[in-house]
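Colleague: One letter stands for each residue in the lines below.
2 protein chains.
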Amino acid sequence: MHRAHVFISVLAGGSGTRFWPASRKGWPKQFLALGKDPHTPLIAATVARVAPLAPAERTMVVTGRALAEATREMIPRSIAARVLAEPVAKNTAPAVAWATRVALKEDPDAVLVVLPADAYIEDEDGFRTALERAIDAATSGAIVTLGVRPSRPETGYGYLHVGQATEHPGVFEVLAFVEKPDLPRAQQYLRDGRHLWNAGIFVFRASVMDAAIREHLPEVWAGMNEVDAHVREGRGAEEEAIEQVFPSFPSVSIDYAVMEKVARVDVVPTDCGWSDVGSWQASWELGDKDENNNVVRAEDPTLVVLEDSSGTVISAPKGKIVAVIGVDDLVIVDTPDALLVAPRSRAQDVKRAVDALAKRGKTGAL
Amino acid sequence: MHRAHVFISVLAGGSGTRFWPASRKGWPKQFLALGKDPHTPLIAATVARVAPLAPAERTMVVTGRALAEATREMIPRSIAARVLAEPVAKNTAPAVAWATRVALKEDPDAVLVVLPADAYIEDEDGFRTALERAIDAATSGAIVTLGVRPSRPETGYGYLHVGQATEHPGVFEVLAFVEKPDLPRAQQYLRDGRHLWNAGIFVFRASVMDAAIREHLPEVWAGMNEVDAHVREGRGAEEEAIEQVFPSFPSVSIDYAVMEKVARVDVVPTDCGWSDVGSWQASWELGDKDENNNVVRAEDPTLVVLEDSSGTVISAPKGKIVAVIGVDDLVIVDTPDALLVAPRSRAQDVKRAVDALAKRGKTGAL
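Protein sequence lines, in the order shown, are assigned to chains F and U.
The first sequence maps to residues 1 to 366 in this note's numbering.
The second sequence maps to residues 1 to 366 in this note's numbering.
Just so you know, not all the hints are guaranteed correct.
Copies of one chain are not kept apart here, so a pair can be met inside one copy or by any two copies together.
No farther apart than 27 Å at their CA atoms in a straight line, the calculated lysine-lysine pairs in the DSSO-like style are these [said to hold, decoys possible]: (1) Lys362 x Lys36; (2) Lys359 x Lys25; (3) Lys362 x Lys351; (4) Lys25 x Lys351; (5) Lys25 x Lys362; (6) Lys180 x Lys261; (7) Lys318 x Lys25; (8) Lys180 x Lys25; (9) Lys261 x Lys105; (10) Lys318 x Lys36; (11) Lys289 x Lys36; (12) Lys351 x Lys318; (13) Lys180 x Lys351; (14) Lys289 x Lys362; (15) Lys318 x Lys362; (16) Lys36 x Lys351; (17) Lys25 x Lys36.
Hints are computed from structural coordinates only; laboratory data are not their basis.
Just so we're clear, the structure is a prediction, and the values are computed from it rather than from any experiment.
So here's chain F without its partners, still in its complex pose:
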């Protein structure tokens, strides 16, 4: 059920060490199957999840040039999304500016849904329902974000402080974007019911966002004009012009550069079971568990043998046999060239191991 004028832009930059060694510099988190389905990469699930909202030719994925080819292969063949390959990583604002301009040129009435490639959603119908509400409000000119009702006093997320209802049912004003809180404040946010997690999902008319970028990021807006002129005047392909202008763009998030500065942002609260899958702990929570609460992430789970073990998450490469005996609550992440073993509760400390490897000059596996 595609809605007229809706465009999708999946933001698939990103790097990080939290899922090392499964994730690498050239193999980011969104390529990993960290959600409930151990066979579907997060980016493939993300694209498929929003596919009912827009046709394939109006779906874009913005990623780094080095990831473009692998990204194309990750996306379901039935959704031949257009991949916008950034020559350099510049955080999310330039990515959104580019996608906005692409949509605007194709359809002056375009409504753009921007969302990260590496989150997980439990209730996909609920998620799309929330997006449809946001699309309705955005069609009327609002910049709308999705706000996830908190289920715990999370200190790792930014929050949206919710104000009064708007004229659109289920849509509220945002009073403020709130930085990651300390635990007492996170606990208060959980109690007061007026704070929602900022999931980094935005919906807006391309024309509205283009105007906001003109105001708050004029150098990016001018750069995108230069790209358009380059193509329009027959000077060459869009990629060439992007190559020219992107390096001069500031590296800044769309939240910070635009959303927190525009006069008004609205929010659709949702209980769609969103997770940013920020750690192996989160991936274990999402995964299908055996009778002893183990989660096996492997192409062929029959190659993984667990004896007297519980609460353990195992990620194994294709064809690898893994035998785990008598352990509890571990993370065991194997890849062809690197292995991690740690308690699930300490998996985030993988950064220490990565730093130690970097110090030893073993940068090939980072």
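On the provided structure of chain F, position chain U as indicated by the hints.
Modeller: Here is chain U on its own, set in the frame of chain F:
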């Protein structure tokens, strides 16, 4: 300092699952570097350890045909031992019979030292001193074994019950070969000082052993005669004849078939720090430990990062990066196609995992 007439026969058959996945059907324990030196396979250390006692051309290694080529490559180049490749595994008695006959044909006064390929010795000088005593006694016609003074009430070994002194200094009579005891008896053996571990190391004149085999294993003796006749009469190579006769030999240990039946066996007690390296636990005990009692068995230990971890033994294949964070007393054994993670104290339960894999038909990695 080679002694005249001394021949060495290293018994390197053997298979087993205790070191899976580092050991496999086609890659037995003696190929692994499980002793103090993480770079030297047990079989290479064994051959090098006895090299001062006999020249390379009088050193034999008896192994299975499938292991012959790899065995040759494992042995230090300076010791071009002769590899006797058995067409089928028949336990140790036929292997000893073959090596005995080879030595006897080359030197009627041959004294043969038979020892397993997969043990570890801490005090190599003490070990060779004990062997030299055994060689002296064997030269006079005795069948002599080495007996290791127990350092703990071990229930996993056979024992030698020691009797009176012989005319040779430091050499005693063996009253009986004792099966693996239960714990109370093992504790008694430790206290009484009259019981030594049977390390499976024997020294004898080849002529004496040949006569003992004639008496106690007549079909093997006759088979070896047939092999000799085959070669002597120009009917073909020794290997062909071995191929013919070996399958008909009984599969029986030299201990059971001969040693326990001959009228007298002598023993040289020794404190040479012998270990049969029967488990990852034993390998951890032998290994060089870091300040947190971790043992790393890897070609390049700088690829292994341990953070806040203790008492853990890690075996990693060439080039593999291993990061271990916040764990205690684990065994982590990685190989290109299989991985084991277990508490060190439960590493012997790897058999359960191997059985589970076999049941699932994953026999390729066993």
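Colleague: All hints, please: hold or fail.
Modeller: Results for each hint:
1. For a Cα distance limit of 27 Å, the shortest separation of Lys362 from Lys36 across copies, 26 Å, qualifies, whereas the shortest one inside one copy, 33 Å, does not.
2. Taking CA atoms no more than 27 Å apart as the test, Lys359 paired with Lys25 passes inside one copy only; the shortest distance there is 17 Å, against 39 Å between copies.
3. In this assembly of identical chains, the alpha carbons of Lys362 and Lys351 lie at most 27 Å apart only when taken from the same copy (14 Å versus 35 Å across copies).
4. Proximity of Lys25 and Lys351 under a CA criterion of 27 Å is satisfied intra-copy only: 13 Å inside one chain copy versus 38 Å between copies.
5. Taking identical chains as interchangeable, the C-alpha atoms of Lys25 and Lys362 lie at most 27 Å apart only when both belong to the same chain, with a minimum of 14 Å there against 33 Å between chains.
6. Taking CA atoms no more than 27 Å apart as the test, Lys180 paired with Lys261 passes inside one copy only; the shortest distance there is 18 Å, against 80 Å between copies.
7. In the homo-oligomer, the alpha carbons of Lys318 and Lys25 lie at most 27 Å apart both inside one protomer (20 Å) and across protomers (22 Å), since each shortest distance falls under that limit.
8. In this homomeric assembly, Lys180 and Lys25 come within 27 Å of each other (Cα to Cα) only inside a single copy, at 26 Å, whereas the closest approach across copies is 55 Å.
9. For the homomeric pair Lys261 and Lys105, the shortest alpha-carbon distance inside one copy (25 Å) is at most 27 Å, but the shortest distance between copies (97 Å) is not.
10. Taking CA atoms no more than 27 Å apart as the test, Lys318 paired with Lys36 passes inside one copy only; the shortest distance there is 18 Å, against 34 Å between copies.
11. When the C-alpha separation of Lys289 and Lys36 is checked against a cutoff of 27 Å, the pair qualifies only within one copy, where the shortest distance is 9 Å, while the shortest distance between copies is 41 Å.
12. With identical chains, the CA atoms of Lys351 and Lys318 are at most 27 Å apart both within one copy (25 Å) and between copies (23 Å).
13. Only within a single protomer do Lys180 and Lys351 lie at most 27 Å apart by alpha-carbon distance; the minimum there is 20 Å, versus 49 Å between protomers.
14. Within a single copy, Lys289 and Lys362 get their C-alpha atoms only as close as 35 Å, which misses the 27 Å cut-off; across copies the closest is 23 Å, which meets it.
15. For the homomeric pair Lys318 and Lys362, the shortest alpha-carbon distances inside one copy (24 Å) and between copies (14 Å) are both at most 27 Å.
16. Taking the shortest Cα distances, Lys36 and Lys351 sit within 27 Å of each other inside one copy (25 Å), while across copies they are farther apart (31 Å).
17. In the homo-oligomer, the alpha carbons of Lys25 and Lys36 lie at most 27 Å apart inside one protomer (24 Å), although the nearest pairing across protomers, at 37 Å, exceeds that limit.
Consistency with the previously given hints is maintained throughout, with no hint failing.
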